[in-house]
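K.L.:
Chain by chain, the residues:
Number of protein chains: 2
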Amino acid sequence: MDVTLQPFFHPTGIAVVGASHDPVKLGYGVARNLTQSGYAGAIHLVNPRGGELLGRATHRDLADVPDPVDLAVIVVPAAAVPSALRACGARGIHAAIIASGGFREVGPEGAALELEVARIAGELGIRIVGPNCIGLLDTHLPLDTTFLAPPPPTAGDVAFISHSGAICAAVIDWASGQGFGLSRLISLGNQADICETDVLAPVAADPHTRVLTLYLEGIRDGRRFIEQAERVSREKPVVALKVGRFAAGQRAVASHTGALAGHEAAYNAAFARAGVIRAETNEEMFDWARALAWCPLPQRRDIAVLTNAGGPGVVAADAIEALGLPLASLSESTVARMRAVLPTAASVHNPVDMLASAGPREYSECLAALLDDAGVGAVMVIMPPPPTHSAESVCEALVPVIRGSRKPVVLTLMGDALVRRASELLRAARIPDYRFPERAASALATLVRRAAFVGTPPSAPAQFADVRARDAHAVLTNAPDGFLAQDEVAQVMGAYGIELPRIVLAPNADAAVAAAEALGYPVALKVASPDIPHKSDVGGVLLGLGDRDAVRAGFTTVQANALHAHPRARLEGAHVQRMLPEGQEVIVGAVHDPQFGALVMFGAGGTEVEGVKDVAFALAPLPRAEADAMIDDTWAGRKLRGFRNVPPADRAATMEALMRLGQLVADHPEIAEVEINPLRVRLDGQGVVAVDVRLRVHRH
Amino acid sequence: MDVTLQPFFHPTGIAVVGASHDPVKLGYGVARNLTQSGYAGAIHLVNPRGGELLGRATHRDLADVPDPVDLAVIVVPAAAVPSALRACGARGIHAAIIASGGFREVGPEGAALELEVARIAGELGIRIVGPNCIGLLDTHLPLDTTFLAPPPPTAGDVAFISHSGAICAAVIDWASGQGFGLSRLISLGNQADICETDVLAPVAADPHTRVLTLYLEGIRDGRRFIEQAERVSREKPVVALKVGRFAAGQRAVASHTGALAGHEAAYNAAFARAGVIRAETNEEMFDWARALAWCPLPQRRDIAVLTNAGGPGVVAADAIEALGLPLASLSESTVARMRAVLPTAASVHNPVDMLASAGPREYSECLAALLDDAGVGAVMVIMPPPPTHSAESVCEALVPVIRGSRKPVVLTLMGDALVRRASELLRAARIPDYRFPERAASALATLVRRAAFVGTPPSAPAQFADVRARDAHAVLTNAPDGFLAQDEVAQVMGAYGIELPRIVLAPNADAAVAAAEALGYPVALKVASPDIPHKSDVGGVLLGLGDRDAVRAGFTTVQANALHAHPRARLEGAHVQRMLPEGQEVIVGAVHDPQFGALVMFGAGGTEVEGVKDVAFALAPLPRAEADAMIDDTWAGRKLRGFRNVPPADRAATMEALMRLGQLVADHPEIAEVEINPLRVRLDGQGVVAVDVRLRVHRH
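Sequence order for the protein chains is A and B.
Sequential numbering from 0 applies to the first sequence in numbering that gives the first Met the number 0.
Sequential numbering from 0 applies to the second sequence in numbering that gives the first Met the number 0.
Treat the hints as calculated values from the structure; they're not laboratory data.
Be aware that a few hints might be false.
Rough simulated footprint, nothing fancy, chain B against chain A, three-plus residues with beta-carbon under 8 Å [what the hints assert, rightly or not]:
no. : region
1   : 141-155
2   : 159-168
3   : 383-390
4   : 408-421
So the derived label-pair ranges between C-beta atoms look like this [unchecked claim]:
no. : chain 1 : residue 1 : chain 2 : residue 2 : range
5   : A       : Ala-204   : B       : His-348   : 38 to 48 Å
6   : A       : Ser-332   : B       : Gly-605   : 48 to 58 Å
7   : B       : Pro-342   : A       : Pro-456   : 47 to 57 Å
8   : B       : His-348   : A       : Gln-35    : 38 to 48 Å
9   : B       : Gly-176   : A       : Phe-463   : 32 to 42 Å
10  : B       : Leu-682   : A       : Asp-480   : 37 to 47 Å
11  : B       : Ser-330   : A       : Gly-124   : 32 to 42 Å
12  : A       : Asp-486   : B       : Gly-605   : 34 to 44 Å
13  : B       : Pro-457   : A       : Met-578   : 47 to 57 Å
14  : A       : Leu-504   : B       : Ala-513   : 44 to 54 Å
15  : B       : Arg-222   : A       : Leu-579   : 50 to 60 Å
16  : A       : Lys-612   : B       : His-348   : 24 to 34 Å
The following residues of chain A were derived to be distant from chain B, with all beta-carbon distances above 12 Å [as the list claims (entries may be wrong)]:
no. : residue
17  : Asp-205
18  : Arg-222
19  : Ala-316
20  : Asp-627
Please read these numbers as outputs of a predicted model, since none were measured by experiment.
For each residue, glycine too, the CB sits at the ideal point set by N, CA and C.
For reference, chain A alone in the conformation it holds in the complex:
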């Protein structure tokens, strides 16, 4: 852990700068919460008017504060923050939480003040959380530097790191109602210094934290986040809610890949690489966090459902299968054990319907049987208000069975008042319960996903040793911003082992004919111009020209078509190449994402890429497993294995091209966009042909 962050998480003494006597002021709230939090270190309340506050003497000046003190919570008006910081420096305090608002969030003047604050902190070596934040809370230390109205959150094992203070306030209150506690809570505010990435490792190091949850509005340094999150998520699950998907602006792009690679694709690729589980809603995030914190991980994906009624069982089965999980097939001995305790009319096949008469004995014995079945990975137990027994009596019988098993069990307690005590009982035993089968199923699916992640060793990106990075660099470094000429593209791609078909630039019709004679008929002719990105769109491409007359006429045609569409385009003649062998066509591309760097795309190629949207993204460079998954994530990729009368194509060569392109863009950040469209995939074993490649250079 970064030692400069130590005072935030284990302060020896805390000074509240701006502790107020006025109960409606935030400075009062901070003083109140800190003193009531049970914090065991020294607490110093600083107020220029002095006097007593909350039964403690206050200090008129930070300079008067005695040792120990290594953390300041600053709640003075924005304009006074710079001098408060200087006072911290003078007193030897090198960690400050600035709760005060009035900075970047209020406009340009506030932003200037925030810059000044950051500058001062940098000069004095003070680390900052905030400004404009709610602060920091640790229910186990304990410690509470927030100004939120009581009650504080109950102690628990889920840490919450948030870009929004309001969401913190809501989550604390809501979590109490949902019956789970928090371990740590960090409100990061404007992040003038410390950001979400900085706190990942320190929070994960907390032994009381079993799951990290993140509310993110953006990430500043994408690659650093991935690196930190990947390390943390190997040890403890990280669940993130990333919002602001529609707020993000559009960037200028010239390729299909660029048009499809929005911020969301980049975030999804980054989270996938880092092992971060992305939730779509707040409720989903905490539904999953509870299960991750409390349940053992399943050893297999097969789910059993135990219920006392048909309807909820059907709902559960639907939800489980919709999430791609199989319903477990039960062994004969499991079926026999259940038959022994159930009425004959009960359904002993999964979902198991014990009928409405089921009570504590039936529930607990059937659950034990299911958990003993080697074919069962996890169990969902469903309880609509049981008509003849109380839900709590059933749960009392279930708890020891669940706690005694190494398989995860989640409960669906359907109802409200009739299941409330049962719910409290489960929560006390750290068994997650949900109101409806759909949410319980989603929690189980997350456990399965986490188990798969933990069970898969991390794989390093593929690195091809035959790559001549310097050759590519030589071309790229001399190229101006914009599209590379075709021969340069061929050099760059060739240096990374992606061969382009031989293409001859013919400045005039005679040269085109000579080239065709040399390459062999039939040939394709494509107008050569740096100004026309999609040449087939403007009639700039002719295929299958079989003799010299056709080539001569064709040269005139593509030039005329191109000029008609782009009257001011620079024309350099036409590219001539021999007609290529047949194959399936896919697209392989990459763009440079401002947050996360190079992003690779694979999918259905051709001119309709953006309409069909059959594409997958991942971060470059690509581990083999991710390249494999990208191909299978798209219909175009699945089709490479063959489909009906389409024979299997060279999937291995496609994967290699994808990984080589990933290595290329990761090595050369000046490549803004590169796109092979189409990559023609020949029959299995015959390789791929990069039919058309465009590469745009842009220095950042």
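Fit chain B to the given chain A structure using the hints.
P.N.:
Leaving out everything else, chain B in the frame of chain A:
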């Protein structure tokens, strides 16, 4: 309303047959609930042992029960139900709720008993709800024939009709906790007689019911359901949760359309036609039902968001835009009104962030300004626990503003204990509140959708007057089950105005050459066999044959290829046709769904239909609006308007072909599957060509 159902909804007197003295018996529960429900009619408890029960004298025999009595609730053991029904008949009771279990749900013996019960009821003219059900509940009449443990549901305006009794029990309890009431609840059980379709109209006729919610495990008579639901949903919203999607079996199909037209596609098409809003989860169904019951419908789609913090505003904006709704642009006067009450740092653009200091005055004045803005269709107000005011004080100020407006407003109260009183206050004022912006946004989207449905007059299916139904019938009625021969297909399609290219069946190579000479070169050759569905898959199709030699050789080739793939196929020669004009290729097909009848499909054609899955479904016959929507729901359809270098194609002719096919399959239920693949769509104004059509007859 069916007059035979009258006693269920407005009984004059109710006999409980099997009223029990034993408090753990269901027969006691029914007696208790009915007597405690406040039911104003006569209550007769029937128990063979006689005596007093719940302060009332019981009758030993149903025959002894005095007038008025027109409804029986039967809670005797299954074996005694037939005699209980006969007693009802003898006493002149023609409506019975059979709560008893032990019928179809327990196996073949129970199913036989259920058939007997239905037969007896039919003979005696007794209508039945159940067996194996929880019964019927009306909170306004009031009336409660269930045996569920108290408390009963609170009175409200949402009716719940359910195929599952356990879900009823859970929903009653859960609804109380969520703060909304039910008007009527009907548990249908095994539906030996009365089913979900029967009760739609009677429940919708209830003045206290504002929204109908349905929990469905299946629908017996699909077309009757659509007819009834369509009528009801014009008056009152119907929200349905249909489960059991994975339980449904696969049926035998031979076409792409059949393979893609699962039960889910049929249900979606049926709900769309009937105006039924399909929810994915229980929570969604009731989130939506509350908004539909309590809010006016929006006059426009633009949503404004009012909040006191940035984070929740971003979450709301994400959710609103993800649902396809626009964020409203605010007028200058609205902005000015808000500026007048807000601090300068507040963000007065949508989402409006009033900052954490916002209290009752800021919330209510800004909401009033937003509601007065003609560009705003609906408002979401968000309240994380306000740091300086209580949530209830804010809500008190908001209620009159909301109730005084004709625009819908939904609240997001984030938290639990800190917003509980505010939530109660809103619910008492019939204003829907949710815990998170995502769920509130989903409720708003449902209001917008309902407004669009109500604002669109119902449109009758397209009927082409030039259709020669009798000609088609003559062919179909003589055809055996199986695929029609090509000439028969041409006759059937031609009768509905879908012309096929002229195709000549050539039994041998000489005939093929003769046909080609007559049709004109180049031609296509396709093996003729009733046993080979996908002819191109087996090399049975050759294109662009340019002269007699090519045709002669081709004939031998397609025969040999076909026999190689299907050695036992019957070969009838080859079909010869002139090569067709170019165009975009789509698929237009139809299948007969066992539940809902003819179902039409449109989408991306070719051989990869099932992989690409770019298809849309609707019920036949097709109203023009639905045909239009189907085309726009698919990428293949949107592309007909033109895309990049693909010119606009004849969308109107495509739509007509779709509607004509719909009329064909609706008129002739013996058509099990019919598929035009591809339908080649020529340039705008040039029409379509049904390149390849297959039609399978199957009598049900």
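K.L.:
If a hint holds in the structure, say so; if it doesn't, say that too.
P.N.:
Hints and how they fare:
1. 141-155: holds (count 4)
2. 159-168: holds (count 7)
3. 383-390: holds (count 4)
4. 408-421: holds (count 6)
5. A:Ala-204 - B:His-348: 38 to 48 Å: Check passed, 41 Å falls within 38 to 48 Å.
6. A:Ser-332 - B:Gly-605: 48 to 58 Å: holds (50 Å)
7. B:Pro-342 - A:Pro-456: 47 to 57 Å: holds (54 Å)
8. B:His-348 - A:Gln-35: 38 to 48 Å: Holds, at about 39 Å.
9. B:Gly-176 - A:Phe-463: 32 to 42 Å: Violated, at about 60 Å.
10. B:Leu-682 - A:Asp-480: 37 to 47 Å: holds (40 Å)
11. B:Ser-330 - A:Gly-124: 32 to 42 Å: violated (50 Å)
12. A:Asp-486 - B:Gly-605: 34 to 44 Å: For Gly-605 (chain B) against Asp-486 (chain A), whose Cβ atoms are near 37 Å apart, the range 34 to 44 Å holds.
13. B:Pro-457 - A:Met-578: 47 to 57 Å: Check passed, 56 Å falls within 47 to 57 Å.
14. A:Leu-504 - B:Ala-513: 44 to 54 Å: holds (51 Å)
15. B:Arg-222 - A:Leu-579: 50 to 60 Å: holds (54 Å)
16. A:Lys-612 - B:His-348: 24 to 34 Å: Given a distance of about 31 Å, which is inside 24 to 34 Å, the answer is holds.
17. Asp-205: holds (24 Å)
18. Arg-222: Fine: 24 Å to the nearest Cβ keeps Arg-222 (chain A) off the interface.
19. Ala-316: Contrary to the label, Ala-316 (chain A) does not stay out of reach of chain B, its closest Cβ about 6 Å off (not over 12 Å).
20. Asp-627: holds (19 Å)
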